[in-house]
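Participant: What follows is the residue order along each chain.
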Amino acid sequence: MIEIINIELYKIFKKWRTYIGFFAIAVLIPVIQIAMLIEGGKSINFMTRSLQQSFVFVGNLLNAYLVSYLILNALAVHIPFLVALVTGDLLAGEATAGTYRLLITRPVSRMKLVTSKFFAGIIYTTLLVLWLSILSLGLGIIIFGVGELIVLKPTTVIIFARSDVLWRFLLAYGFAILSMSVVASLAFLFSSLVENAIGPIITTMAVIIVFFIVSAIEIDIFQTIRPYLFTNYILSWRLFFDDPIDVSEILKSVAVLFGHIIVFYGLTAYIFKRKDILT
Amino acid sequence: MPDKIIEVKNLSKQFKEVRAVDNLSLNVFRGDVFGFLGPNGAGKSTTIRMLLSLITPTEGEISIFGLSLKQKRNDILRKVGAIVEKPDFYGYLSAYKNLEILGKLSGINPSREKIIEILELVGLEKRAKSKVKTYSHGMKQRLGIAQALLHNPDLVILDEPTTGLDPQGMKEIRELILKLSKEKDKTIFLSSHILSEVELIANRMIIINKGTTQAEGYVDDLLNADELKVTFKLGDTGRALNLVSESRWMSKLELQIEDRFVFKLSPEEIPELNRYLVQNDITVNAVIPTRSLEEYFLKLTEKEA
Chain F
45 MIEIINIELY KIFKKWRTYI GFFAIAVLIP VIQIAMLIEG GKSINFMTRS LQQSFVFVGN
105 LLNAYLVSYL ILNALAVHIP FLVALVTGDL LAGEATAGTY RLLITRPVSR MKLVTSKFFA
165 GIIYTTLLVL WLSILSLGLG IIIFGVGELI VLKPTTVIIF ARSDVLWRFL LAYGFAILSM
225 SVVASLAFLF SSLVENAIGP IITTMAVIIV FFIVSAIEID IFQTIRPYLF TNYILSWRLF
285 FDDPIDVSEI LKSVAVLFGH IIVFYGLTAY IFKRKDILT
Chain H
46 MPDKIIEVKN LSKQFKEVRA VDNLSLNVFR GDVFGFLGPN GAGKSTTIRM LLSLITPTEG
106 EISIFGLSLK QKRNDILRKV GAIVEKPDFY GYLSAYKNLE ILGKLSGINP SREKIIEILE
166 LVGLEKRAKS KVKTYSHGMK QRLGIAQALL HNPDLVILDE PTTGLDPQGM KEIRELILKL
226 SKEKDKTIFL SSHILSEVEL IANRMIIINK GTTQAEGYVD DLLNADELKV TFKLGDTGRA
286 LNLVSESRWM SKLELQIEDR FVFKLSPEEI PELNRYLVQN DITVNAVIPT RSLEEYFLKL
346 TEKEA
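In order, the protein sequences belong to chains F and H. Using this note's numbering, the letters of the first sequence map in sequence onto residues 45 to 323. Using this note's numbering, the letters of the second sequence map in sequence onto residues 46 to 350.
Okay, chain H solo, but in the shape it has when bound:
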């Protein structure tokens, strides 16, 4: 069994009338890219704030690196880097100065080279001396990642790290997260509302809603990755339906609406079915995989609603 990096037991937070987090438990292991999912108001940010000691839990325990957060807060935070919600900095200072200050507060005295290196990693080295108030949201987001990594933490907690980035920026951040996990042996706790992002990056995940756990485990197990829902958009619908209904593919057909045929297939069966249709002169206009996590997520959260 790998080391537990984060262990949360029966965590709750009550804000006057609202119970934002209710008896939440989760485990994150060394080397995990742990997806933290939930609709708006599910309690994700409150949980992250409790993990970082910004908020005091009403009940429950948090252990990080095997240490109690309540008792060993500073020892823990020395090895944690984080972005919490939107990236805010001292706008009247430069990115360089912000990082220098935050580095010192993190217990390191970052050299000029180290700061420039981390700014290069997020593509901001040319704007190092610009005041942060002149930065776009995307640039602040990148700077947020830079400050989270500056002190070389073992655990990186990222709350919506790609918000406000353009598609290229999102891709770069995703690649950076994977690199941190695979090459630098970091454990990543990733909260995101972009389900495809979590599906692409995370190996384990939890889905929460109304402050409680809906599902937790390995992404492949939860999504049953052996079977995918795939929509085939076909020409000559009548003949296509006849062809399918007379073949073994009928047992795989889940739904048919006009020219859209939804099959439940293993990854190997997708090209096989495509070949079968083309060989029988059925025009395949499109093959669209259904976002499995999205479906799973909606199923869980709608059921709860």
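Only chain F is shown next, with the shape it has when bound in the complex:
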């Protein structure tokens, strides 16, 4: 199994499309950071406007932690696209290229093949989020330095001491890996259904966007189905920036996301095992 995962990873990292995600993040993050360096002071003034009458803010509020926190919020839609770009191609790409015939005539069970591809997709997703975290935090620390993190919630403002932030980010990025793995699993599922990689990418993004819209609209019927949409839990990494942290809510989100991954992977394996290879 490990050998097949290695082969799948080798194939993934020999395709130029794999590097689009890494390249896009490498461009996007510094652009956001430079923009924040230029305009960030105004943004912080705007964010803390209502508080400035009662409190005096001292120290480095525009720091790597704040910028990374804002970037993580802003990339909820962008990163899924970059994830689906590769994971949506994992099975459909073999169909398009006609290489299913090479793969499936080998003495390796279909279950092993699909599982290896799935894990390779999850490893890619993990590396992509790690790349995001390295650039976001690492480059951020070089540009802005560290400081206290100010987090504005709808009804409260939380200021975390600089020594109390890094572990929260590490857990948040870990959670982001889990969230993006759901997206990877969904794109992988769609990839098993079609013979063209464009379809799974577009369909995955369509599902995510529709689910986000449904989650955002304050209509009773939408609010009823909201807890069942995985997008409702994708941004639960924010829970690590609460004080105190609601562990049960985090565990619930983790369970829901894991459940989605298992269901999406299970469906993919079932479809792939029964699939007639006609390409």
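In case anyone wonders, no lab produced these hints; they're calculated from the structure. Even for Gly, the Cβ is constructed at its ideal location relative to N, Cα and C. What you were told as hints is all true, and nothing was included just to trick you.
The following residues of chain H were derived to be distant from chain F, with all beta-carbon distances above 12 Å:
no.	residue
1	E52
2	P84
3	N85
4	D211
5	E220
6	G280
7	S290
8	E291
9	M295
10	L298
11	P312
12	E317
13	Q324
14	V332
Capping the alpha-carbon separation at 20 Å, the derived lysine to aspartate or glutamate pairs in EDC-like fashion look like this:
no.	chain 1	residue 1	chain 2	residue 2
15	F	K317	H	E104
16	F	K317	H	D120
17	H	K131	F	D320
18	H	K131	F	E239
19	H	K115	F	D320
20	F	K58	H	D133
21	F	K317	H	E106
22	F	K319	H	E62
23	H	K61	F	D320
24	F	K59	H	D133
25	F	K156	H	D120
Use these hints to put chain H onto chain F, whose structure you have.
Facilitator: Relative to the frame of chain F, chain H by itself:
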């Protein structure tokens, strides 16, 4: 009785409205070069895909090396090499890397020497490091044969292996197939639309049409190789016809159209008739053997149509 390498019993495949293969049975024995013939849409590729577990049969059983394909798929495929339809590879990888990956997936860890040796066999060693997307169709076809042989399989399933090759390439592949059969003791299952190819290489064959068996057996038996149809193209047609009609060759004459005289002859009778005509001052412009398999094939498939 030699070992049965492939045994297919009452195999069928239904695709929604279309029954691509219908109650097909066949046997391939150890050492056979087994020709698998049929017109387009006859169900050849569907059958091959079922033999390789790319498609699940709707009904029927497939045994290879005496094992059920359904139950012992991996054990079977470890000893099978195949080309299925057009040869597709990972175009963004080199031929060498493609073979290395496919070798590993086949359960071997091919050494550099082994990969180069197999590439030499198909004449691609100088392009080993080139990306496959830069290959011509003929080169991909050769690489297809290389990947099929890489893990030294006992059974080689070749679906149209000479498609896209130039005449020299086709000849080389034919010779390679015969060599694999005779010297390496491989069993070959060969699907081809080039009838002369099957006639030259195969010892046993099956002809299918609309998913069902039309004929199966030894090529010599099916073609009745004791008698060949031979067309003699003769000068001075009137005198030639008189000469033939007054001789014992009249009973062998099947058809005469203008200067073409079609005889049904044994292989020994061909030079004998030629000598007779020349000795009687009839100019023999050409002696053209009719492709016996082609005729047999058309007879079977047209009857069905």
